[in-house]
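J.: Listed below, chain by chain, are the residues.
There are 2 protein chains.
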Amino acid sequence: MSTQYSTVIVRFGEIGIKSHQTRKRMVGLLVRHIEAALREHRVPFSKVRREFGRVFVETSHAKDAAGVVSRIFGVVSTSPAARVASSLAEILTAGVELARGHFEPRKTYAIRARRFGEHDFSSQDIREQLGSDVMTSLSNLELSVDLDEPEQTISVEVREGNAYIFVETVNGVGGMPTGSQGKVICTISSGLDSPVAAYKVMKRGCVPVFVNFDNLPHMEGECNDIAVRQAEVLAQYIYNYEVKMYIIPHGPDLTNIIENTPGKMTCLFCKRNMLRLAREVAVIEDADAIVTGEIIGEQASQTSRNLRVISDAICDYPILRPLVGDDKVDVEHLARQIGTYRFAREATSCCSLPPRYPSVQAEPDRVKSAEENIDLSLLQDEVANARVIILRDGN
Amino acid sequence: MSTQYSTVIVRFGEIGIKSHQTRKRMVGLLVRHIEAALREHRVPFSKVRREFGRVFVETSHAKDAAGVVSRIFGVVSTSPAARVASSLAEILTAGVELARGHFEPRKTYAIRARRFGEHDFSSQDIREQLGSDVMTSLSNLELSVDLDEPEQTISVEVREGNAYIFVETVNGVGGMPTGSQGKVICTISSGLDSPVAAYKVMKRGCVPVFVNFDNLPHMEGECNDIAVRQAEVLAQYIYNYEVKMYIIPHGPDLTNIIENTPGKMTCLFCKRNMLRLAREVAVIEDADAIVTGEIIGEQASQTSRNLRVISDAICDYPILRPLVGDDKVDVEHLARQIGTYRFAREATSCCSLPPRYPSVQAEPDRVKSAEENIDLSLLQDEVANARVIILRDGN
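In order, the protein sequence lines correspond to chains A and B. For the first sequence, position 21 matches number 83 in my numbering, and the numbering has no gaps at all. For the second sequence, position 254 matches number 316 in my numbering, and the numbering has no gaps at all.
This is chain A alone, in the form it adopts within the complex (with noise of 0.2 Å):
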């Protein structure tokens, strides 16, 4: 027996619910991502093995692999534990030397249990002895008990013949297993909006297909570079699947909406022009959805009304945007927790062609006839032009 950590829970939240058949297969899901994500970081481990309402792997280095688990899509909390035979001397004697190994001295703390299966001890017995064991066994760190708030827990899962003693747990990422979903695809620039929009829908299962779009030469340099750097962080917590980004020329036909409609328009015949560019390669790659960082309000293309009278360039793909209704605070927050919030910058600072009075209120007839005078064969030839970057192998 040993008190050494030898296992990670895996917990899962939304998967739990579903049917037995999705349920299976979600789960199938993540356990291929969780191998691959362990040997992908160099994690050792022997196993990842499902049960009921959880999985677990057991590995030497529970520590790292907890870390490394919690940013795996589906994963809703993991801890590191040690296991032990489902008896009550083996739980009492590693929840003591767990104890020992990480209460700290004169702070609250309680025992948590929680049991599934036959077994001659039940819930209340381990939260009872493991308690006065624990006070009797480290008197000299002056602990009291608090079951409400404590500072510190020792919990302990027992599941049929094993036991799982723990102390901390990890927040994960939620949401579903990548692969869930189909694929979708997700606009990107290097702003702060877009990244985070692309991840909370790669959160809910969906494989990304990254689209950036190069205004050259309407912006300056470094542009495209940011929003690979954004992609590229977002592509590590995908496992499992290729993914790719496109890379599209979207300066030809910005120079022809200049030219040929009124300039407080630009931004809204931009707009309307990335939509089909993006539904292009919805087409090839087969993908379900186009997923734009669009939050109501926060520019001026993006007014209720702006974006009704953007939306219908494309009516054969839904336009996913998952801020529409965050504040900018929220997406600022998700960004740092995501990573990518250091490369984010102004879009205004990639492309030199926003009017400084752009129209709010746009009328859907107004624009739709302004935009007769725009030549949309170019878009055929900017999406032939693209250059396709592989951000991951998928193996």
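One or more of the hints may lead you astray.
Since copy identity is lost for identical chains, a pair holds within one copy or between any two.
Said to hold, decoys possible - EDC-like, lysine to aspartate or glutamate: derived pairs with alpha carbons at most 16 Å apart:
no., residue 1, residue 2
1, Lys-306, Glu-347
2, Lys-430, Asp-378
3, Lys-390, Glu-76
4, Lys-306, Asp-348
5, Lys-306, Asp-455
6, Lys-326, Glu-425
Since the hints were made in silico from the structure, they are not lab data.
Given chain A, put chain B in place with the hints provided.
T.: Here is chain B on its own, set in the frame of chain A:
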């Protein structure tokens, strides 16, 4: 001079970074909503005043007012405050009095101070002298200073001739003032998600028009009542704008769907028709968009593929899905904050038609061809027979 609260400091977030013209309009809306909210909640006040970056409410009921105002869209936080002239002597006296009224014994504290305008003292002077005066005057409380993580705080904000002194900050709901964006059609059911979706888009400044579908005879009673109650809760967040709710009979076209199309596609055709019905209301109401509570992967009809299959039922209005990338736990959390959690009922209990094995990967072409057997002309009658309720009269 009085050290009683006499003022509420109202802070807004994103409004502050808008252009001069937009900001002026938005703060104007905010002030009107604050006045209307205080009147409605019968909180007496003498004036709502705007200054650069802040709104101030002058009231002898500052604590009540802070609570009401913090639930108005656009408000990031509020603080009930004492207001004195901006002399160091008055600030010190008022600060000590406030500490005497609010500080608890044997806890840590800090003084925070900000200053705008010309004064013969600095922020640092306030921090040092008020810190020292509090320590001396309240020596019986045995306080100690902790500048990093104080348990209690006196904050001083000096703006030109006024100084505001406060001990607490109430979190606001955030977002943008109602009416800064256009009308949106918020589809709403008796379920958990749709009211949260509506809330998020309302929070961004949109005025909601609620649409609920009456599935009779394909459901058991009560469901529409629950939807109405949920809409009533949401409507309480709207001031100065009329809020309507349409309850549209959806039974006739559902009957037509089940009689003429494959059972596993029922939910898809139902959703396509709900979008068409919502679109009719959008035309009537001159709205900018249709809002739904869909979350990728939450139900069979909400796979990424099925969202695609559903969405192209309408093309000329965008479908906004603010929850599309959220996890169920996030939605539950927000529903509790909003006040709709207690109403929510499983959507399935409000419709008897969902098939046991629904299609999760419908083919767009097959859906289109099956839909040719549906009589879409029924929808016009249904909209014509809608019951319209006025939830808020806009005055």
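J.: Take the hints in turn and mark each one as holding or not.
T.: To see whether the hints hold, each was checked on the structure:
1. In this assembly of identical chains, the alpha carbons of Lys-306 and Glu-347 lie at most 16 Å apart only when taken from the same copy (10 Å versus 42 Å across copies).
2. When the C-alpha separation of Lys-430 and Asp-378 is checked against a cutoff of 16 Å, the pair qualifies only between copies, where the shortest distance is 12 Å, while the shortest distance within a copy is 18 Å.
3. Taking the shortest Cα distances, Lys-390 and Glu-76 sit within 16 Å of each other only across copies (7 Å), while inside one copy they are farther apart (27 Å).
4. Taking the shortest Cα distances, Lys-306 and Asp-348 sit within 16 Å of each other inside one copy (13 Å), while across copies they are farther apart (40 Å).
5. Within a single copy, Lys-306 and Asp-455 get their C-alpha atoms as close as 8 Å, which meets the 16 Å cut-off; across copies the closest is 52 Å, which misses it.
6. For the homomeric pair Lys-326 and Glu-425, the shortest alpha-carbon distance inside one copy (12 Å) is at most 16 Å, but the shortest distance between copies (40 Å) is not.
Figure legend: structure checked against the earlier numbered hints; every hint is met.
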